[in-house]
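Residue numbers (this note's numbering), protein chains in the order written: chain A, 1 to 154; chain B, 155 to 766.
Simulated from the structure, these hints should not be mistaken for lab results. Heads up, some of the hints might be wrong.
[Stated by the list, open to error] Straight line, CA to CA, 20 Å or less: simulated PhoX-like cross-link-like pairs of lysine-lysine:
id	chain 1	residue 1	chain 2	residue 2
1	A	K140	A	K70
2	A	K70	A	K96
3	A	K96	A	K143
4	B	K759	B	K725
5	B	K260	B	K270
6	A	K140	B	K726
7	B	K257	A	K140
8	A	K96	A	K140
9	B	K589	B	K698
10	B	K726	B	K739
11	B	K765	B	K559
12	A	K111	A	K143
13	B	K759	B	K737
14	B	K726	A	K146
15	B	K738	A	K100
16	A	K149	B	K726
17	B	K759	A	K140
18	B	K738	B	K725
19	B	K725	B	K737
20	B	K257	B	K270
21	B	K257	B	K210
22	A	K140	B	K725
23	B	K759	A	K143
24	B	K765	B	K698
25	B	K260	B	K274
26	A	K143	B	K726
27	B	K726	A	K96
28	B	K260	B	K242
29	B	K725	A	K143
30	B	K274	B	K257
31	B	K725	A	K146
32	A	K68	A	K116
33	A	K96	B	K747
[As the list claims (entries may be wrong)] Using C-beta positions, here's what the derived DEER-type ranges look like:
id	chain 1	residue 1	chain 2	residue 2	range
34	B	R504	A	T5	52 to 58 Å
35	A	T5	B	N642	42 to 48 Å
36	B	K265	A	G10	49 to 55 Å
37	A	K96	B	R648	55 to 61 Å
38	B	E194	A	G10	31 to 37 Å
39	B	K265	A	A6	56 to 62 Å
40	B	K210	A	T5	52 to 58 Å
Since this is a predicted model, take the numbers as computed values, not measurements. The C-beta atom is built at its ideal place from N, Cα and C for all residues, glycine as well.
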Amino acid sequence: MELETAKIDGFIARYGLHQGALIQVLQDIQGEFNYLPREALEYVSEKLGTPLAVTYNVATFYNVFSLKPKGQNHICVCMGTACHVRGAQSILDKFKRELKIDVGETTDDLKYSLDKVACVGACALGPIVVENETYHAHMKLDKVGKLLKRGGRK
Amino acid sequence: MASFDDLVKRRGEIAAGRAPNRATLVLGDGTCGRASGSSEVRAALSEAISSLDTEKRLAFRTTGCHGFCQIEPNVQVLPDETLYVHVKPENAQSIVEAALSGKVLKNLTFKDGQKKSCAKITDVPFYKRQMRLLSGLNVYVDPLRIEDYIAIDGYQALAKALFTMTPDFVVEEVIKANLRGRGGGGFPAGWKWDSVRKAEGEPKYVVCNADEGDPGAYMDRSLLEGNPHLVIEGMLIGAFAIGSHEGYVYVRNEYPLAVQNLIVALDQAREHGLLGKNILGSGFDFDIRINRGGGAFVCGESSALMQSIEGRPGEPIPKYVHMSERGLYDKPTNLNNVETWANVPFIVNRGADWYRTIGTEGSKGTKIFSLVGNINNTGQVEVPMGISLREIVEGIGGGIPNRRKFKAVQTGGPSGGCLPADCLDVPVDFDQLTKLGSMMGSGGMIVMDEDSCMVDVARYFTNFLTEESCGKCVPCREGVMQLRDILNDITQGRGREGDVELMEDLSKFVIDCSLCGLGQSAPNPLLTTIRYFRDEYVAHIHDKKCPARRCTALISLRIDVENCTGCALCKKQCPTVAIAGEKKKTHVIDPEKCIRCGACYEVCKFDAVIKE
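Bound-form chain A, shown alone (with noise of 0.2 Å):
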């Protein structure tokens, strides 16, 4: 893949040429391609200055970062305190069955990723699951395949 220079070097302008950067700056790049190319992490380290084990340090260190691409449906089920009282373990577990990966992966097609979340902020809705951008409330079991359904799958 031809590493998208032009629209890196604009996610550098908004922050400028210093280490507070770096991490604003991945997190961009991370927005817009899903995950962050080696090349991306070389680059934005001779950009700002930084060595790549420090680039590489902070990219392994957070949460947020994926040095492998994302599924094109990226579902995250929320384990905060509130959900795991109503069964989110049970939900995530469900998840886990039907697309045969664990936390953390993509399925082979690329047309899911699964990953876990500390809490998403929406506690008197859960369970929740967040599939992309849409926040599912109050969910069950039995909605777990209904959504997948809805994804093109099974």
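Based on these hints, arrange chain B on the given structure of chain A.
Positioned in the frame of chain A, the structure of chain B alone reads:
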């Protein structure tokens, strides 16, 4: 705006532009509103209003969260304060017509425990006992319109501070008000301001901690999303008092709407001369940048947060020197939580003496809690400090649903603890909760019924903290993980005699030796569940039973012959094809194949699936 007078003038203009006798429809359109379908309601209401003749057009405002998240999408009609709940797009037309004719739609009002219709917001038990000082403003403010905030006397406190107070006086007021840090620690904000003000080194930084990582808490999201200018104004006043010209808001990436609204609010504040150079013509300069977090709980810790702003992994550093002397970029830094900042304009506007009339001896003002879990009325609650837990859980929350019994309330997130029914009459403030072994924390309040297993809850938090430990210091990285492993064993039926004592010993070591607050408080959920629910540990370890029937390894599922109608719903849901039976005849679960996921238990409409 270039002066105090300009602000007053602008406020007058906004008021003059509004039709005084016309009703306003207010739609809660925050993250939880949208998760419940408020976007569709917004479109329907706009359409219904725009089809009216111009002179009849109602005012319409989309705002952040109104607090009572469970009844969303909800619409309030002002000034009558009529509340409509669970509004659907097809209700839009009738709501508009009713508002025009001053009628109330009974079918859309909230029904209380006795099925009585509560037309006005002040009739609803959930709101009745609250004191919504900060969060109550959300209804009046469209977060994307600074005019709304100015109209409710917004930035008045800033102007008052800039033009009628000295920085020292502002600090003194905040000390006198005894505003304590709402992020969890409860450290007096005024003292912190004072030490940063007196610290040597330039520039000085002001930082707002909006990295609300506590699972089960969302007060900061709601404030930042619904009323960002209140937080900005608080920061401005703090910066003026401290002598800072550069501020940061460190906000979670998991709150996209809060980030979006804050960006717009900062831009509008700059356009109005409320941020940037020479604010309101006073000669004071200050601006704010946003830093989005990367989904690391530890970044709520002050030194880790500053590492993250500097573009490094969020690993805490030893605090031989306070952040107030050497914090961000090694300069004096003042870090306060969103809710703490949001309190500041009230203290400046109405004075410390007024502020001190709210709350208890040691804890002044109000506190926002997110009241969630197994409770009838879930949502965001703001109460004066000192109210009892019972008042919150039973009075505001309306008790436990499905005729279940109350078991515990968890406060303080992963650093706090679980309190049993005996503690319900304790007044809620910083000191009392700490005495009970829990803490105020940022304000998560998760209610658990008798179906919650306390060992499982301890395992949940310990597992969370194992995953979120940054790994820098050994006591936290290894110690918390060992605690987690022991808890895993116990919940899976492999608990051994002496495990509880072993965990108590290990906890002491983790508390005493960890580098930062994450590790130092990590054993709290475990220790409080041992303190108040020791019998549950004994049942798991000794009898290999989970009294709440929650831990899947310790339960079995069977179908009751009496109740089963043979509807086959469970059979359809079973992921491992463990259920057999002909239609209209009793079904049976094969215990060999059953993975105890509980899908059958959840779908059965006849209570025929029994957990043992």
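Verification of the hints:
Proposed proximity of K140(A) and K70(A) is contradicted: the alpha carbons are some 25 Å apart, above 20 Å. Proximity of K70(A) to K96(A) is assessed by CA-CA distance (about 16 Å); at most 20 Å being required, the pair is judged to hold. A threshold of 20 Å between alpha carbons decides the hint, and for K96(A) with K143(A) the separation of about 14 Å falls inside it, so the pair holds. The hinted pair formed by K759(B) and K725(B) meets the criterion: a straight-line CA distance of about 13 Å does not exceed 20 Å.
With a C-alpha separation of about 10 Å, the suggested pairing of K260(B) with K270(B) holds against the 20 Å cut-off. With a C-alpha separation of about 15 Å, the suggested pairing of K140(A) with K726(B) holds against the 20 Å cut-off. Taken as a hint, the K257(B) and K140(A) pair is broken in the structure, with Cα atoms around 38 Å apart against an allowance of 20 Å. The hinted pair formed by K96(A) and K140(A) meets the criterion: a straight-line CA distance of about 15 Å does not exceed 20 Å.
For the given pair, K589(B) sits about 32 Å from K698(B) by alpha-carbon distance, which is inconsistent with the 20 Å threshold. Straight-line distance between C-alpha atoms of K726(B) and K739(B) comes to about 15 Å, which keeps the hinted pair within the 20 Å bound. Distance restraint check for K765(B) and K559(B): the Cα-Cα separation of roughly 18 Å lies within the 20 Å cut-off, and the hinted pair is therefore satisfied. For a cut-off of 20 Å, the pair hint linking K111(A) to K143(A) stands: about 19 Å separates their Cα positions.
For a cut-off of 20 Å, the pair hint linking K759(B) to K737(B) stands: about 15 Å separates their Cα positions. In summary, the hint linking K726(B) to K146(A) is supported, as the alpha carbons are separated by about 14 Å, within the 20 Å threshold. For the hint linking K738(B) to K100(A), the alpha-carbon distance of about 33 Å lies beyond 20 Å, and the restraint is violated. Restraint check: the Cα-Cα separation between K149(A) and K726(B) comes to about 16 Å, which is no more than 20 Å; the hinted pair holds.
With a CA separation close to 14 Å, the supplied pair K759(B) and K140(A) stays within the 20 Å bound. Using a Cα cut-off of 20 Å, the hinted pair K738(B) and K725(B) holds, with the two alpha carbons roughly 12 Å apart. In summary, the hint linking K725(B) to K737(B) is supported, as the alpha carbons are separated by about 10 Å, within the 20 Å threshold. Between K257(B) and K270(B) the alpha-carbon distance is near 18 Å, which keeps this suggested pair within the 20 Å criterion.
The hinted pair formed by K257(B) and K210(B) meets the criterion: a straight-line CA distance of about 16 Å does not exceed 20 Å. With a CA separation close to 17 Å, the supplied pair K140(A) and K725(B) stays within the 20 Å bound. Restraint check for K759(B) and K143(A): the C-alpha separation of about 16 Å stays at or below 20 Å, so the hint holds. For the hint linking K765(B) to K698(B), the alpha-carbon distance of about 15 Å falls within 20 Å, and the restraint holds.
With a C-alpha separation of about 11 Å, the suggested pairing of K260(B) with K274(B) holds against the 20 Å cut-off. At most 20 Å may separate the alpha-carbon atoms for a hinted pair to count; K143(A) and K726(B) meet this at roughly 13 Å. Taken as a hint, the K726(B) and K96(A) pair is honoured in the structure, with Cα atoms around 18 Å apart against an allowance of 20 Å. About 15 Å separates the Cα atoms of K260(B) and K242(B), which keeps this hinted pair within 20 Å; it holds.
For a cut-off of 20 Å, the pair hint linking K725(B) to K143(A) stands: about 16 Å separates their Cα positions. Using a Cα cut-off of 20 Å, the hinted pair K274(B) and K257(B) holds, with the two alpha carbons roughly 12 Å apart. A hinted pair counts as satisfied when its Cα atoms are at most 20 Å apart, and K725(B) with K146(A) qualifies at roughly 17 Å. Distance check on the hinted pair: K68(A) and K116(A) sit about 16 Å apart at the alpha-carbon level, within 20 Å; holds.
Taken as a hint, the K96(A) and K747(B) pair is honoured in the structure, with Cα atoms around 18 Å apart against an allowance of 20 Å. Hint check: R504(B) to T5(A), Cβ distance near 54 Å, so the stated range 52 to 58 Å holds. In this structure the supplied range 42 to 48 Å holds for T5(A) paired with N642(B), their Cβ-Cβ distance being about 47 Å. Distance hint check for K265(B) and G10(A): the Cβ-Cβ separation is about 53 Å, which falls inside the suggested range of 49 to 55 Å.
Taken as a hint, the range 55 to 61 Å is violated for the pair K96(A) and R648(B), whose Cβ atoms sit roughly 23 Å apart. In this structure the hint that E194(B) and G10(A) lie 31 to 37 Å apart at CB holds, the actual value being about 34 Å. Between K265(B) and A6(A) the Cβ separation comes to about 58 Å, which falls inside the hinted range of 56 to 62 Å. For the hinted restraint 52 to 58 Å between K210(B) and T5(A), the CB-CB distance of approximately 55 Å keeps it satisfied.
Of the numbered hints stated above, those contradicted by the structure are hints 1, 7, 9, 15, 37, listed in ascending order.
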